[in-house]
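S.K.: Protein chains in written order, with my numbering: chain A, 1 to 135; chain B, 1001 to 1099; chain C, 2001 to 2119.
Since the hints were made in silico from the structure, they are not lab data.
C-beta: ideal position from N, C-alpha, C; glycine also.
Take the hints with a grain of salt, since some may be wrong.
Which residues of chain B face chain A? A partial, calculated answer using Cβ under 10 Å [said to hold, decoys possible]:
#, residue
1, MET1001
2, SER1008
3, TYR1010
4, SER1017
5, ALA1022
6, LEU1023
7, ASN1042
8, PRO1062
9, SER1097
Each chain, letter by letter, is given below.
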Amino acid sequence: MSQIAEEFESEVATEAVVKKFMFVNRKAPYGTIYALEGLEVVLISAAFNQDVSLAFLDDGVYELLKGQQTKALEVKNFSPTYRALEGYDIEKLYVERESLAARGIREDQLLVPVQVVDAKEMAALMEQQDVIIGF
Amino acid sequence: MLHIVNKSPYEKSSLASCLAHALKGSAVLLIEDAVYAATKGNAAEDAVRRALGELPVYALGPDLEARGMAGAVIDGVKVVDYGGFVDLVAEHRTSQSWL
Amino acid sequence: MRIGVLVNEGPYNHQAADSAYQFARAALAKGHQVQRVFFYNDGVNNASKLTEPPQDDRQIVNRWSKLAEEHGIDLVVCVAAGLRRGLVKDNLAPGFRISGLGQLVEAGIESDRLVVFGD
């Protein structure tokens, strides 16, 4: 093994544990706090260098809709935070195709780039995770 | 994976969502109000019977008893206590709560 | 096994706090270690020392405190969720401590299993 490869090996070996964390979003924004407080956990997780992905299915897909205007409700519009995730190296956002279709939502109506997967693919992704947190 | 569902199938679609994502090798555990899904004659009976063809379905005994449903469990659904719940968590690499 | 528990709902309103407690107790009885119980969302209300439920009903806050005392379990209340809901050091029941969300992520990393109880 080359010296560089050996150094890399030992560096990886002494790195902290890296687990696959999936944060599952199934609830709409604003009707309950789960979307907002769920997002706060995701942001914190960025500091731990874990393998983080987000899943959006059922009403969770509504969290990603463009054009949320909360002024009249007098609540904080936290949807821009989803755009900030990329800056935290959290880029694996999976949105379920069936959930979008059931709600008549197209991918171009979402405010961040996502990977649209069908339920079977989502199930397989979930199965690969070490830790699954949903609210 | 251990899939845990806690709401009645009449109240939320969480059981349906769960079953749409539970792969062979997984198990489904019904707790709290979701135990109603494990009872004969309920709207989710067909879905639960279909699921039973692919994977084990468990229901938490104390929750069934509290709701007066201990005698109405669908054949094939295994009733467990909290100890059994713990064993299921230990047995499966991950758990996912469908809230 | 080291098992972490996340509680997302307050006492009495939802069954989550009860289910989590019974699960934690059963895990201990089976010889597992409960690495941490983390309280988030309205779950922070499980730590309020001000609760006075009727005497003939289970005392949810007290029994968490007792579980912590008897088994040395780390009961952690999220600081931000606590502040939002008025759960602070001054009204914290015995056995609980207030800390950051990082403790939840850490529980996921350090435990062998993490189980979520919520609505």
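S.K.: Would you mind marking each hint as holding or not holding in the structure?
M.R.: Evaluated hints:
1. MET1001: With Cβ-Cβ at 6 Å, under 10 Å, it holds.
2. SER1008: Because about 16 Å separates B:SER1008 from the closest Cβ in chain A, which is outside the 10 Å limit, the hint is violated.
3. TYR1010: With Cβ-Cβ at 16 Å, over 10 Å, it is violated.
4. SER1017: Status holds, d = 6 Å.
5. ALA1022: holds, 7 Å
6. LEU1023: holds, 5 Å
7. ASN1042: violated, 21 Å
8. PRO1062: violated, 23 Å
9. SER1097: Interface hint status for B:SER1097: holds (6 Å vs cutoff 10 Å).
The earlier numbered hints that this structure contradicts are 2, 3, 7, 8.
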